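Respectively, the protein sequence lines represent chains A, L and X. Position 264 of the first sequence, counting from 1, maps to 264 under my numbering, and the rest follow consecutively. Position 155 of the second sequence, counting from 1, maps to 155 under my numbering, and the rest follow consecutively. Position 30 of the third sequence, counting from 1, maps to 30 under my numbering, and the rest follow consecutively.
Watch out, some of these pointers could steer you wrong.
Because identical chains share one entry, a pair is satisfied inside a single copy or across any pair of copies.
As the list claims (entries may be wrong) - Think about it this way: if two alpha-carbon atoms lie no more than 20 Å apart in a straight line, the pair counts; the simulated EDC-like pairs of lysine to aspartate or glutamate are:
{"no.": "1", "residue 1": "Lys143", "residue 2": "Glu22"}
{"no.": "2", "residue 1": "Lys143", "residue 2": "Asp62"}
{"no.": "3", "residue 1": "Lys143", "residue 2": "Asp5"}
{"no.": "4", "residue 1": "Lys87", "residue 2": "Glu152"}
{"no.": "5", "residue 1": "Lys143", "residue 2": "Glu163"}
{"no.": "6", "residue 1": "Lys87", "residue 2": "Glu270"}
{"no.": "7", "residue 1": "Lys143", "residue 2": "Glu234"}
{"no.": "8", "residue 1": "Lys87", "residue 2": "Glu114"}
{"no.": "9", "residue 1": "Lys143", "residue 2": "Glu273"}
{"no.": "10", "residue 1": "Lys143", "residue 2": "Glu20"}
{"no.": "11", "residue 1": "Lys143", "residue 2": "Glu59"}
{"no.": "12", "residue 1": "Lys143", "residue 2": "Asp121"}
{"no.": "13", "residue 1": "Lys87", "residue 2": "Glu22"}
By construction, these hints were calculated from the structure, which means they are not laboratory data. Model, not experiment: these values are computed from the prediction.
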Amino acid sequence: MSVTDIDAVDLAESVRTVRETEPLVQSLTNTVTINDVANVTLHWGGLPVMADSFGDAGEMADLARAVLINTGQVPDGRVEAMHEAGKKANERGIPVVFDPVGVGSTPSREAVAESLLSEIDFTVIKGNYGEISALAGVEAEVKGVESVGDYEEIERTARSLAESTGSIVVASGVDDVVTDADGAVRLTAGHEMLGEVVGTGCMLGATVATFCGALEDDHEAAVHGTLAFGLAGERAADLEYAGPGTYRTNFRDAVANVTSDTVGGPSLEERLEQVL
Amino acid sequence: MSVTDIDAVDLAESVRTVRETEPLVQSLTNTVTINDVANVTLHWGGLPVMADSFGDAGEMADLARAVLINTGQVPDGRVEAMHEAGKKANERGIPVVFDPVGVGSTPSREAVAESLLSEIDFTVIKGNYGEISALAGVEAEVKGVESVGDYEEIERTARSLAESTGSIVVASGVDDVVTDADGAVRLTAGHEMLGEVVGTGCMLGATVATFCGALEDDHEAAVHGTLAFGLAGERAADLEYAGPGTYRTNFRDAVANVTSDTVGGPSLEERLEQVL
Amino acid sequence: MSVTDIDAVDLAESVRTVRETEPLVQSLTNTVTINDVANVTLHWGGLPVMADSFGDAGEMADLARAVLINTGQVPDGRVEAMHEAGKKANERGIPVVFDPVGVGSTPSREAVAESLLSEIDFTVIKGNYGEISALAGVEAEVKGVESVGDYEEIERTARSLAESTGSIVVASGVDDVVTDADGAVRLTAGHEMLGEVVGTGCMLGATVATFCGALEDDHEAAVHGTLAFGLAGERAADLEYAGPGTYRTNFRDAVANVTSDTVGGPSLEERLEQVL
């Protein structure tokens, strides 16, 4: 199976499965957007749990259906808990999603990412164009946690990271690219307001983790989770908003209101294009 | 005094007292919902302070009118600060509320709860049906931090925990049960949307702590705080909402708008039923 | 240059500069309002980054345009990271803003503040009347993190702190006072609802840090950042709201909507009065 085999039209069925499965999704994440991460997990139909202390983290990973590791902050104890939960998830064969927030900006973040990548097999790596490029070892500019600069080769860059790690790679930007070692697709969904709110990148990681926790196929989870997220971003803009505050509230509503009845149909096909 | 002596109709007077007293309420809590906990404390009329580092925690407990301990996350340093603040509160004779989030799911959480219960006399223990059952030592199913399964005997279970600990016990679920060693009441208030938002359980704990910090009688604080919280949940649904995002915003407004003028009257009596 | 040289009418130009510069602003802050701090930084046009672990903190301060240090919580590791980031900022000559949340309430907070003040040259110190008075060594009453009591001499108190530290001092309250060793101005802007929401004080600190990161003159950044914040608070109240929940959402929108086109004009002059 490759990401290029996934049919966008099957999204409705995936959404239904996530809502029926109610997967327990454990996130070890930064304190900036931890509430957003927990809420978006719940709003897709998952059960969020944020166990991130050494000991508790490994025990919870023994119960979870998927684990998200987000390195937006890297305090000592939490990084150890990330290793513990990631290894336990690998042992059990459940999906682990990596969101290497801000990698490419400081040596410390690079060291944490390298250490996690060397010890944990990640099912999916999700980052913005800059973060994915930094992990792939090509020139990147990450300003704090923001991707700046041009990434014309992002499909090839993301695919090279997928090849070297064996992970599915989601590179999020104006369009989102989802790739594995065998091919790449470009998803056209989303809204510019998503960039005006802190935490939407983290919430995309949580969305992919939640879909991974419910769906049998991880490639489908990565593609459909990313697509569903973008569609929710569009619907949030269909509701009335006066700025990023109301848009953020709308987005939470929109996620909860994406159901198998409200997404679907052949028009989804034009959202997905095979690019490699 | 027992929870069975409390009159629901006196709620208006309790709300007035909380708003006039402006109690300083210290919370040591998880980072997921810490902002919700602080805001709900403020919106009831309390002054929230989230001192949770060893040293500062004990010093702040020397000034506070009530302390909330919520173990939704259990990093080492914070657990020590919980012990420090809890003991200081006991020393001073001010109320301490315990919200054992996720107990029953992992051995680490059970160990932390046991250690806190063995060293601190809690005025109130607030948990969902699963957490209260787990603490009471009866069969429970806690999935992450969610209570799943049936709890037909929850009144008896909660009362047995009240008997063994000497605490007032609030078991929150579709209906809320408030009990002590001498009896139990069932409160009928709330709204299903409260379950669609992360952190409402934590906010209930903060509400009870705030009421405890202002009212003379802890039984009244537990019953009236829990009832006021449920009523606010209903009023949030009276306002327009399109999903959990807007409902959450409404709920904050609703809490701030519950005043002695807007709650009360004999209709409150049907909200409270003695069940044991 | 002194704060008394700043013209309120130049605010529009400052807002434009902040939005065009997009400064990278690093905050080391409490977990209660960290999401608010990050969002408000973004909504003014800055790029927020919340690197607060030792190592990563110093490295990020090597890239940032301004650093905010907020001691609303004081866990051991984070305080060390504050020292590291603050010293690096001093080394590089970039602005550092200090928000000593809750100083005056516990000995631990006083010790942390003294230690930071002894090792770091702060460009701006921002606190409520109680916190500024406590730092200045005059009688103050801080209840948790709230300023209570009367502060009739706040201009002189704030100026004495500015004299002893060499920092610009922003004392926030009903009116805001901005002072340095050479004079003081009083700003009349804001709305009472700002006091009904947790975190507005922290967001003011983040606003000043963001303006400092973009503007050449720190006195202008302190005065214009504080004034812009108050104006956003007023505009949030012009939008419909039913309580602190909707007001908080409005405030985020209002900040994003303060642009060089929507603020300005001679009416701004009456907002600023030289008082010392």
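Each hint, compared with the structure:
1. Lys143 / Glu22: between (36 Å within a copy, 10 Å between copies)
2. Lys143 / Asp62: between (36 Å within a copy, 12 Å between copies)
3. Lys143 / Asp5: neither (35 Å within a copy, 34 Å between copies)
4. Lys87 / Glu152: For Lys87 and Glu152, neither the intra-copy (35 Å) nor the inter-copy (38 Å) Cα distance is at most 20 Å.
5. Lys143 / Glu163: neither (26 Å within a copy, 36 Å between copies)
6. Lys87 / Glu270: Close neither inside one copy (38 Å) nor across copies (53 Å); limit 20 Å.
7. Lys143 / Glu234: So Lys143 and Glu234 fail the 20 Å test inside a copy (26 Å) and across (32 Å) alike.
8. Lys87 / Glu114: Close inside one copy (15 Å), not across copies (28 Å); limit 20 Å.
9. Lys143 / Glu273: neither (30 Å within a copy, 38 Å between copies)
10. Lys143 / Glu20: Classified as between: cross-chain Cα gap 15 Å, same-chain 40 Å, threshold 20 Å.
11. Lys143 / Glu59: between (36 Å within a copy, 12 Å between copies)
12. Lys143 / Asp121: Cα proximity of Lys143 and Asp121: none, with 27 Å in one copy and 25 Å across.
13. Lys87 / Glu22: Neither: 23 Å inside a chain and 39 Å across chains, both beyond 20 Å.
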